[in-house]
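J.: Could you build all of it, start to finish, from the sequences and the hints given here?
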Amino acid sequence: MTYEYSLIDIYYWIKKRLKLVVIVCVIGALLGFVYSIFIKKPTQTSKLRFDVVIANADRTLSGEISTINNAYRVAGIYMTHLKSIDFAEKVAANVDNLSAGSVQSMIQVTQVENTGNLIVSVSSRSAKNSLNVASAIADLAPTVIVPTGYISENFHLRVISQPQLTRARVTIKTIITSSLFGAFLALMLVVMYVVWIESKKGTIRKIGDIQQALDVPVIGVIYKD
2 MTYEYSLIDI YYWIKKRLKL VVIVCVIGAL LGFVYSIFIK KPTQTSKLRF
52 DVVIANADRT LSGEISTINN AYRVAGIYMT HLKSIDFAEK VAANVDNLSA
102 GSVQSMIQVT QVENTGNLIV SVSSRSAKNS LNVASAIADL APTVIVPTGY
152 ISENFHLRVI SQPQLTRARV TIKTIITSSL FGAFLALMLV VMYVVWIESK
202 KGTIRKIGDI QQALDVPVIG VIYKD
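In the working numbering, the protein residues as written are 2 to 226.
A few of these clues could be false.
[Unchecked claim] In the BS3-like style, the derived pairs of lysine-lysine whose C-alpha atoms are separated by at most 27 Å in a straight line are: (1) Lys201 / Lys17; (2) Lys174 / Lys48; (3) Lys84 / Lys48; (4) Lys42 / Lys174; (5) Lys41 / Lys201; (6) Lys129 / Lys42; (7) Lys17 / Lys202; (8) Lys16 / Lys202; (9) Lys129 / Lys91; (10) Lys84 / Lys20; (11) Lys174 / Lys129; (12) Lys202 / Lys20; (13) Lys41 / Lys129.
Calculated directly from the structure, the hints in this document are not laboratory data.
All figures in this text were calculated on a predicted structure; none of them were measured in a lab.
T.: Encoded structure:
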């Protein structure tokens, strides 16, 4: 015999066992909190900095050279190359156990506004991989990234800040996200448990339930005050 249960039925079942539901959700949130603090590895980030330099001169585009006003555009071209899959393949060839796609996904490049300065951030769960990729970028970028034409003839990249691994910290956002996910997962599990337990009881709620269960007509009903 198959019973059909409505959302109202489920609502009353959850309300009936509300204390259990709350306790399980709290436990789920605590487990998510513990996971974010003690188990989940924080993202490790290494940073380095480049500057676009005039060829054969020790002055940068981000400084006092007023005759060249396209620093931002030239640095933007180098930024595009730093984020390309071609450059990622060259970096991957110089580090162990990382594909070009993985390397490319690790690299983020930002440009300081109105300057030729580029900040490269390399993020990974592994501090070793982060620093190794950043070091490879510092070694390769000035020599292998050579835009054609006017830029290659007049400009080149220079490392002005060597790769450094920043201290990894668990963020408040990560803690909150993990706690909420733990609470949500716990809620789903406890609701399924409550529905399963209550549905096993086969509670009779109306005359139709008796007729369906026993396959006999109902002659009369005695109500209890």
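J.: For every hint, state whether the structure bears it out.
T.: Do the hints match the structure? See the list:
no.: 1; hint: Lys201 / Lys17; in the structure: holds, 15 Å
no.: 2; hint: Lys174 / Lys48; in the structure: holds, 22 Å
no.: 3; hint: Lys84 / Lys48; in the structure: holds, 15 Å
no.: 4; hint: Lys42 / Lys174; in the structure: holds, 14 Å
no.: 5; hint: Lys41 / Lys201; in the structure: violated, 39 Å
no.: 6; hint: Lys129 / Lys42; in the structure: holds, 13 Å
no.: 7; hint: Lys17 / Lys202; in the structure: holds, 14 Å
no.: 8; hint: Lys16 / Lys202; in the structure: holds, 17 Å
no.: 9; hint: Lys129 / Lys91; in the structure: holds, 18 Å
no.: 10; hint: Lys84 / Lys20; in the structure: violated, 53 Å
no.: 11; hint: Lys174 / Lys129; in the structure: holds, 25 Å
no.: 12; hint: Lys202 / Lys20; in the structure: holds, 20 Å
no.: 13; hint: Lys41 / Lys129; in the structure: holds, 17 Å
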